[in-house]
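Protein sequences, first through last, are from chains A and B.
Each residue of the first sequence is one higher than the one before, starting from 1 at the first, in the working numbering.
Each residue of the second sequence is one higher than the one before, starting from 1001 at the first, in the working numbering.
Heads up, some of the hints might be wrong.
What the hints assert, rightly or not - Over the 12 angstroms line for every Cβ pair with chain A, so calculated as not near, a few chain B residues:
hint: 1; residue: Val1017
hint: 2; residue: Ile1357
hint: 3; residue: Val1375
Unchecked claim - Computed cross-link-like contacts, BS3-like style, restricted to lysine-lysine with a CA-CA straight-line distance of at most 30 angstroms:
hint: 4; chain 1: B; residue 1: Lys1222; chain 2: B; residue 2: Lys1189
hint: 5; chain 1: B; residue 1: Lys1171; chain 2: B; residue 2: Lys1229
hint: 6; chain 1: B; residue 1: Lys1267; chain 2: A; residue 2: Lys159
hint: 7; chain 1: B; residue 1: Lys1011; chain 2: B; residue 2: Lys1288
hint: 8; chain 1: A; residue 1: Lys159; chain 2: B; residue 2: Lys1288
hint: 9; chain 1: B; residue 1: Lys1411; chain 2: B; residue 2: Lys1385
hint: 10; chain 1: A; residue 1: Lys157; chain 2: B; residue 2: Lys1189
hint: 11; chain 1: B; residue 1: Lys1385; chain 2: B; residue 2: Lys1091
hint: 12; chain 1: A; residue 1: Lys157; chain 2: B; residue 2: Lys1267
hint: 13; chain 1: B; residue 1: Lys1328; chain 2: B; residue 2: Lys1288
hint: 14; chain 1: B; residue 1: Lys1147; chain 2: B; residue 2: Lys1189
hint: 15; chain 1: B; residue 1: Lys1189; chain 2: A; residue 2: Lys159
hint: 16; chain 1: B; residue 1: Lys1171; chain 2: B; residue 2: Lys1222
hint: 17; chain 1: B; residue 1: Lys1313; chain 2: B; residue 2: Lys1091
hint: 18; chain 1: A; residue 1: Lys157; chain 2: B; residue 2: Lys1313
hint: 19; chain 1: B; residue 1: Lys1011; chain 2: A; residue 2: Lys159
hint: 20; chain 1: A; residue 1: Lys159; chain 2: B; residue 2: Lys1171
hint: 21; chain 1: B; residue 1: Lys1411; chain 2: A; residue 2: Lys157
hint: 22; chain 1: B; residue 1: Lys1328; chain 2: B; residue 2: Lys1411
hint: 23; chain 1: B; residue 1: Lys1171; chain 2: A; residue 2: Lys157
hint: 24; chain 1: B; residue 1: Lys1313; chain 2: B; residue 2: Lys1328
hint: 25; chain 1: B; residue 1: Lys1147; chain 2: B; residue 2: Lys1091
hint: 26; chain 1: B; residue 1: Lys1119; chain 2: B; residue 2: Lys1328
Said to hold, decoys possible - So, partial list: chain B residues that the calculated Cβ filter (under 7 angstroms) puts toward chain A:
hint: 27; residue: Lys1172
hint: 28; residue: Gly1175
hint: 29; residue: Asp1290
hint: 30; residue: Lys1313
None of these hints come from the bench; they were simulated from the model.
For every residue, glycine included, the Cβ atom is placed at its ideal position computed from N, Cα and C.
These are the residues of each chain, in order.
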Amino acid sequence: MSLLWLRFALGCYFVGLVYAFVALTRTSETFGRIALHAASMGMVFHFVSLTEIFLSGQIVWASVHNSESLLAFLSMAFFMVIYAIYQTTSPGVVVFPVVFFLTFVAAFGEQPVLLTQFVSNKGWLIAHIILIFTGYAALVLSFGASLLYLIQEGRLKAKKPTSLIGFLPALEVIDQIGYRSLLLGFPFMTLGLLTGSVVAVTTYGKVDFLDPKILLSVLMWVVYMVMVFTRWNSGWRGRRAAFLATFAFAAALAAWAANYFSAIHRFGA
Amino acid sequence: MRYQLIGLNHKSAPLEVRERLAIPESRLPDTCRQLTAYPGIEEGMVISTCNRVEIVTHTVNGHADLRGFLHDHFELDASTLDSHLYEFREKDAVRHIFRVASSLDSMVVGEAQILGQVKEAYATARAVGAVRGQLDQLFSRAFAVAKRVRSETAVGSSSVSIASVAVELAKKIFGNLHGKNVFIVGAGKMSELAARHLMAHGCGSIFVANRTYERAIGLAQKFDGQAIKFEDLYATCDRADIVITSTGAPHAIFRREHGEQFLSRRKNRPMFFIDIAVPRDVSPEMAKLDGIFAYDIDDLQQAVTSHVADRRKEAERAEAIIAGEVEKFEARQSTLDVVPTIVSLQDHLETIRQAEIDRVRGRMGQLTPEQEIAVEALTRGIINKVMHTPITTLKSAARESEATTVVDVVKRLFNLQVKPKDLPAEPDSKKDEVGTRH
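Whole structure, please, built from the sequences with the hints as guidance.
Structure, rendered in structure tokens:
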């Protein structure tokens, strides 16, 4: 059943995906509103789907498709929070495709399960997953914001008067969205990694710190920290910030991909 | 649909003529009263702005002498006035009103003021009872159409003056302008205007620097701002988010190294330079820096030009919306015209039906409730079947503007007395009244 609900959600997110492509070429407030409604409806279906999984009581949170589904849901939730504050759907240009992709894979992809059968402390595991995914979702959003910043900055610099009416919010608003997501995501990511370490240590006793998963996660965390620091200390914006955000995003993807070859944190059959 | 309109606007008449016809606000109610008292006019309304004077009426027969009213009212002879006047009837009058309310007939297409002015004129005329059913319908629709045009096209969304473009750009960079500081470098008329616009949109403090310190003080006082000595310009400039610069310096006064300095002191928060000086005050090298957004006079002018073009393009879409709305309005109005006839036809047949039932009731004796229902259903059924074609024909005739003929035929066939709506009781006596006054 939960898959069915997820597919309904996917249908709704598809509207958002179309919006993302349309919004890049032309402005349409009506379509923005439609996409927003579709996304909210998608979130309802999505929530039902997640609740069913949770109530089913199987510890399958750590399966790929459920975790992707959770990540998509959290990203969408972030998007909605930003909409509530700034009244803009433009981060959807980046968030919608990411969410659609994640939900699509979750609803139709193969479903390997993480090797969690040895994990003794399920509470820590769930905390780890939720914390780290909130961190990921914030990262997705701040990555999206930094791309939008680049686009808007480019437009203003190019002095193309016609495109000034475009759909993007003001440069400073985009900047705030990115920075706030970053600030909010950082503690989640940090705590997520800490709980992860706790789970790893209690499960394996001694942990190999040269494991690719751990190395890449630490790398991602360091980039994240550098981003927060440069922004806080010298106000890095625009190109430099976008470069860092891309790097952090790539590191996050790499850390995710490490699930396929890590010894301690991997997908099994 | 006996709407009739006469007027002149910025296209048809020069300012001297418009001035003579402009009606001050205080006299509008009186003018409306006089208008409705004029022969052949049922309802009337006057729109008077600096760009137009329009007399909008609903008339008794569609041929009221509106020119005569204007000649009388303004005591002008035909030769000075007539060549500047335009007149529209029925559908054309409806279209004209829709276009005026939607700001397509304005000097600056898409400006937002006109809708407010039309609304005021409407309220004034309504208050004195000069606007009732017919004009009420027309203007309610016109306001809805204007709203539709505004929300579905971008005809009013782009700025068309240098100062407003500057504000729009500042908003694209900073979003909300509240609390943003403005620095005026080189006191001049244009920078003062731009600053005024920015302040009106919520900007916070203002700084002024000028080669002649006294002039800086003078301008700063106007804005309740702070005058800065020109030597201190580079040390203080980073406090401002928006810099309006228009010095007469022969070389750029803001160079790359200044920009870098400002940005590092501001922790890279962006700065917006509005450079209206010729030659430019901001060097192109500095404008390239990340976080510096510099627009010179040509950039701003180009934005204005392209916005004007945008509006023209959007106006075409707006015209299409209006054309559709005029058709819809006309169709609805014509249907409304035949409604009284349909109602009285129904009443007429219902009276016959009741009379016939009463007549034969005595002969039928006591009926059971079921039989009562059956008789009702039978007679009603016959009436409805018979009525179906005439009513459909009336409605479709209304849409094809042959309503009057068909309505007459139906009235004569069934000997109907249709009560006229809102017609003045004795138009002739009014004529005398007006005649004696002038």
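Violated hints - listed by number, lowest first: 7, 11, 13, 14, 19, 21, 30
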